[in-house]
Amino acid sequence: MPAPTPIPITTTVELEEFYSTPQLLYPEMNEIFIHGNTIELRWKPVGELAENEYYAVRLNYMYQGQPADGGKNTNETTWTIPLNIDRPADGPGFNYTWYVYVERTIDGNPIPVSHESEHRQFTWER
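In the working numbering, each residue's number is its place in the sequence shown (first place is 1) plus 480.
Quick caveat, the hints were computed from the structure, so don't treat them as lab data. Glycine is no exception: its CB is placed at the ideal position from the N, C-alpha and C atoms. Mixed in with the good hints there might be a few duds.
Beta-carbon label-pair distances, calculated as ranges [what the hints assert, rightly or not]:
(1) M509 x H595: 13 to 23 angstroms
(2) H595 x E531: 27 to 37 angstroms
(3) E531 x P572: 12 to 22 angstroms
(4) T554 x F513: 19 to 29 angstroms
(5) R567 x Y506: 30 to 40 angstroms
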């Protein structure tokens, strides 16, 4: 008699549990900032988040010629990018792309529960 085939167990999120797509407020597309100035990313709330949910704020950019990313998980609807960001974007453009989505942690695993917001770019000149 053959051994029973194991059935993988997966965690799923019901579609009705999804949040609306976060709406970005600031900065606008292609804004230019001078290094030393604070950049506060802002977006509209999608509703009350559960204890195991947060906004996943993501930055994408080039660092030493390679794609890099950064960001923060937060319950707030703002994030101030640290002035001493660990790996600043390559020049001469110093371009960053940012976006936000809602994530839920289940059994230590992050699961997106909203679509990504629009992706916006800004320049942070050094």
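Here's how the hints hold up against the structure:
1. M509 x H595: 13 to 23 angstroms: holds (18 angstroms)
2. H595 x E531: 27 to 37 angstroms: Cβ of H595 to Cβ of E531: about 22 angstroms, so the range 27 to 37 angstroms is violated.
3. E531 x P572: 12 to 22 angstroms: violated (44 angstroms)
4. T554 x F513: 19 to 29 angstroms: Once the Cβ atoms are compared, 20 angstroms apart, the range 19 to 29 angstroms for F513 and T554 holds.
5. R567 x Y506: 30 to 40 angstroms: Between R567 and Y506, where Cβ atoms are some 23 angstroms apart, the hint is violated.
Checked against the numbered hints above, the structure breaks hints 2, 3, 5 and satisfies the rest.
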